[in-house]
Amino acid sequence: MTKHIEDEELLNMLADSNSRQYAFSLLVNKYSKKLYLVIRRLVITHDDTDDVLQNTWLQVHRFLEGYRQNSSLYTWLYRIAVNESLAHLKKEKRKRIFSSKPFDEDLKNAISSGVDIDADVLEKKLQIAIISLPEKQRAVFQMRYFDEMPFQQISEIMGTSVGALKANYHYAAKKIEEYMLA
Amino acid sequence: MKNIDNHNEENKYLESLKSSLKGDQVFKVDDSYFNTLNENIQSRISYKSARTKVPFKFIWMSGAAMASVIALVVILWVPKTSQIKSSALQQPVKIDKTMKVEKPEIEISEVDTDDYKLGDEEYLLSELNVKPKTKKIDKKEINKLKTNEQSNVEVLSSIDEIEITKDDVLDYFEESLVQEEGIL
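First to last, the protein sequences are chains A and C.
Counted from 1, the first sequence has number 1579 at position 127 by the numbering used here; the numbering is strictly sequential.
Counted from 1, the second sequence has number 70 at position 34 by the numbering used here; the numbering is strictly sequential.
For the record, the hints were derived by calculation from the structure and aren't laboratory data.
C-beta: ideal position from N, C-alpha, C; glycine also.
Since no wrong hints were added, every one of them can be taken at face value.
According to the in silico footprint, chain A covers these stretches of chain C (three or more CB under 8 Å from chain A):
#: 1; region: 56-67
#: 2; region: 73-80
Computed beta-carbon distance windows for the label pairs:
#: 3; chain 1: A; residue 1: 1564; chain 2: C; residue 2: 99; range: 54 to 60 Å
#: 4; chain 1: C; residue 1: 67; chain 2: A; residue 2: 1514; range: 25 to 31 Å
#: 5; chain 1: C; residue 1: 108; chain 2: A; residue 2: 1588; range: 56 to 62 Å
With these hints in hand, go ahead and build the complete structure from the sequences.
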C-alpha cells in the first residue's frame, strides 16, 4: 500500500529533527481535508471546525514524539480530531448551561439556515436527527454510517469495547430512523 | 434479544437513504481555506513554542525588576521618612509671646486660728483637709528642705513627691506660726 509507505516515510522524516518541520507541513496537507470533514460533521459550523482542526494539529505536533505506532497514523489523527471535537462540544455546552437557548438548538439552526451547507430537506432532517443524539453516540454513528469504519477501528479511536460500540450504534440508528420516519 | 450485529438489516431505511445522500459534500468549504490552514498552524506552533520558552525568562526578569524596585524604595524612601520624623522632633516649639495668659483665681480659705489650741492636731488637719499618710519620712530630709533657700513653691513641689505624715505637717505649721506671726 503506497499510502502506508508514505505514512512511514512521513514518520521517518518527523523523527529527524532536520526534516521535522517540512514533514509536519506535508502531514497537515495530506490529512487536513479528511480531518476537516470528521470534525465538521460533529461541530457543524465552519468557524468552529477551523478552531478545532487547528487545535487538533497543535495537539498532534505536541504529542507526535509519543506516537507509538500501535495504530495507523490516520487512526491516531482521527482519534485526536474526535477527542478535540467532543471536548469543544462539551465546552460550548458548559458555557451555555444557564442560557435559555441550548447549544444543540444553535447547531440545528445552523443546519436549517443552510449557511455553508448544501443539503436538501431530507439531508437537513438527517443532520438534525444526528445532532439530537448524545455527543459520543453521534461520533460513533458518523464513523460507522458515513465513513463505514470497522467497529475494531472505531474501538481504537473511541477507546471503547467493540460490543459497547455495536450497541451504541444500534441505539443511535434506531433513534434516527424513528425521527426520520416520524 | 435481537442480535445487534444485524443492525444493517434492522436499519434498512437508513441504508437505503445512504445512496441518495451527498455525504460529506453537504458541508461546503473553499479549497483556499486549506492553503492558508497550513500557514496558520505553523505560525501557531511557532508562537506556542516561543510562548513556552518565555515564562522562565519572564519570571526571572520580572522577579529581578521587582526586587530592584523594592530595594530602591527601601534605600531612598525609608531613611527620608525617618529623617523627617527626627527633624520634626528637633524643631523648637514656637510660643506666641503676645498671647495673654490669665491668672487663675484661687480662693484660699483662711484657717480660723481662734479655735486652734496647741496639740489640737485633729482640728488643724480637718481645717487643712490633709489626710494622714502611713509611710514615715526621714526627718533629716524635711529639715533639709526647711533650710533650703528654694522658694516655697519649689519646696512644696519637691515635697509633693515625698509622703508626709501627720506629725510632720504639725511641726511645720507650728514653726511657721512662730516665725511669721509670733503667735507663741
